[in-house]
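Undergrad: So you can see what is in the structure, the chains are spelled out below.
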Amino acid sequence: MSTGADQALVAEELTLSWDGQTLVTRDVSLEVATGQVVCMVGKSGCGKTTILHALAGLTTPMSGRVLLHGKDITGVPGHVSYMLQKDLLLPHLTIMDNACLPLVIAGESKEAARAKAAPLFERFGLSGTERSWPSQLSGGMRQRAAFMRTYLMGNDVVLLDEPFSALDAITRGEMRSWYCEMSRELGLASVVITHDVDEAALMADRIYVLVGAPSAGVPTEVGSVIDVERRDVTDFSVTDEFLAAKRAILAGLNS
Amino acid sequence: MKALESEHIGSSHKRQPTRLRRIVVPVVALAALLAVWELACDTGLVPAFMLPSPLAVVRSLFADLGLIAQHSITTLEEAALGLGIGVVVGFVFALLMDRFETFYLAFEPLMTVSQTIPTIAIAPLLVLWFGYGLAPKVILIVLTTFFPVTVSLVSGFRSVDTDMIDLLRTMGASRWQIFRYVKLPAAAEQLFSGLRISATYAIVGAVIAEWLGGTSGLGVYMTRVRKSFSYDKMFASILVISALSLALMRLVDLLEHVTMPWKRAEGSKNHD
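First to last, the sequence lines map onto chains U and R.
Heads up: the first sequence is residues 4 to 258, going by the numbering used here.
Heads up: the second sequence is residues 1332 to 1603, going by the numbering used here.
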């Protein structure tokens, strides 16, 4: 087991419960390094979101701990950025003010926050949308705005709960490539939940396959860990490495 | 062919009436109703002492316009004061009910029961306790207006997406910041719906309270003209009460329009 010092985020043997009695997970451990994308794959209801909640500090585990650059942050929210399936943009704020929200909440003035956010609009492909309302943007654009807000939380660890599942297939593919490129460029450590096997194989440097059925009394555990050999190619989905990763995930899920 | 027909029927059902049609249709319906009413009175089908004709009502309104305006100002002042206090009380109650579950459990049934008591039944008691001055009128209006505001706000607070709250918690937001950025804006739309109802209750509440005593107000005016069997003036005051209620509702609409610019953007997108 790593000490957590060389990793951005480490979860050590997390045992989680919804009600303090029924176990959702048992001894789930994972690590993610800076610049790395880690995917958690598992069947519906296996407790993926519960694990992410624990990593975000929104729930306290029954046992185990969460370390951020070696520092214990178990049960304390506000240290890692979290983005859910829904973009959760506040409808009454403009895209600029939505993006600035983490900074304003942290105590920065609106002007200072806007000055920080303004140069990012081009980088995130959102030029010209600063004064738009969320309802005026397409699904993909809204998701980009949500990513920008997540980035402006200022944390180098980002948790993503099925971030692309609400998008159409074409936009999903574009957003996936864009996010991987962007997160590696920005040096983010990302933990992504997905139930899409292809998505996990395309995005991840490492995949944690979760097995278990908490509702049937079988707590979820890490079934297998798959390290994906990434190559800088135009289309990773036609490489042998992609197919190997995909086969390994499916084997892990059906084990 | 059948599929095409059903598709055509389906699409025609969804078609929204044009703006012009939305105005013309009710105006024509109202004009027809007034015409029938006028005809019934003019031909003697309905005796004038039982139901004055629309023209007689309008003539009375203009004849007594100065006096009605004075009484209307009193009623409006009482309604505005009562509504203002009612909104503040409703807001405080909603905040407490949202913040403290015990407070919600304790007061939610009591508040619901309180709304089953007819206004007309408690008005005489309020006059007995507080006299013929401003106090009983304002209290009655507060009692009738705070409920829609409280209910709409509590419902708005409770309808907030919990994921939104979790998201703000991951940003390190305080309880106040979650209220300021998530709960209050989410409840705003429902608040305005409640406020629209409260605005109409405020005028009606003021008139009912004035019926039971006082020196000025549309309720006092109505009592006086009723005693002199001037039913045309009675109808004129009903017309004014309706107009005032509608004006207050429009004011709430305007307030909503100004304070919620993002709703306009949503509306125009839906229209597209």
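Don't read these hints as lab results, they were simulated from the structure.
Don't take every hint at face value.
[Unchecked claim] Quick list of the computed label-pair ranges, beta carbon to beta carbon: (1) U:Pro94 x R:Leu1398: 41 to 51 Å; (2) U:Glu114 x R:Ser1486: 32 to 42 Å; (3) U:Thr37 x R:Arg1350: 55 to 65 Å; (4) R:Arg1390 x U:Lys113: 37 to 47 Å; (5) U:Gly48 x R:Thr1590: 34 to 44 Å; (6) U:Glu244 x R:Arg1489: 42 to 52 Å; (7) R:Ile1448 x U:Ser168: 46 to 56 Å; (8) U:Ser130 x R:Leu1436: 46 to 56 Å; (9) U:Gln88 x R:Ser1573: 44 to 54 Å; (10) U:Ser168 x R:Gln1508: 20 to 30 Å.
All values reported here derive from a predicted model rather than from experimental measurement.
The beta-carbon is built from N, C-alpha and C at its ideal position, and this holds for glycine as well.
Undergrad: Hint by hint, say whether it matches the structure.
TA: Consistency of the hints with the structure:
1. U:Pro94 x R:Leu1398: 41 to 51 Å: Taking Cβ atoms as reference, Pro94 of chain U and Leu1398 of chain R lie about 48 Å apart, which means the hint holds.
2. U:Glu114 x R:Ser1486: 32 to 42 Å: The hinted range 32 to 42 Å holds for Glu114 of chain U and Ser1486 of chain R, with Cβ atoms some 36 Å apart.
3. U:Thr37 x R:Arg1350: 55 to 65 Å: holds (58 Å)
4. R:Arg1390 x U:Lys113: 37 to 47 Å: violated (58 Å)
5. U:Gly48 x R:Thr1590: 34 to 44 Å: holds (42 Å)
6. U:Glu244 x R:Arg1489: 42 to 52 Å: For Arg1489 of chain R against Glu244 of chain U, whose Cβ atoms are near 49 Å apart, the range 42 to 52 Å holds.
7. R:Ile1448 x U:Ser168: 46 to 56 Å: holds (51 Å)
8. U:Ser130 x R:Leu1436: 46 to 56 Å: holds (51 Å)
9. U:Gln88 x R:Ser1573: 44 to 54 Å: holds (49 Å)
10. U:Ser168 x R:Gln1508: 20 to 30 Å: Given about 28 Å between the Cβ atoms, the range holds.
Consistency with the previously given hints fails for number 4 only.
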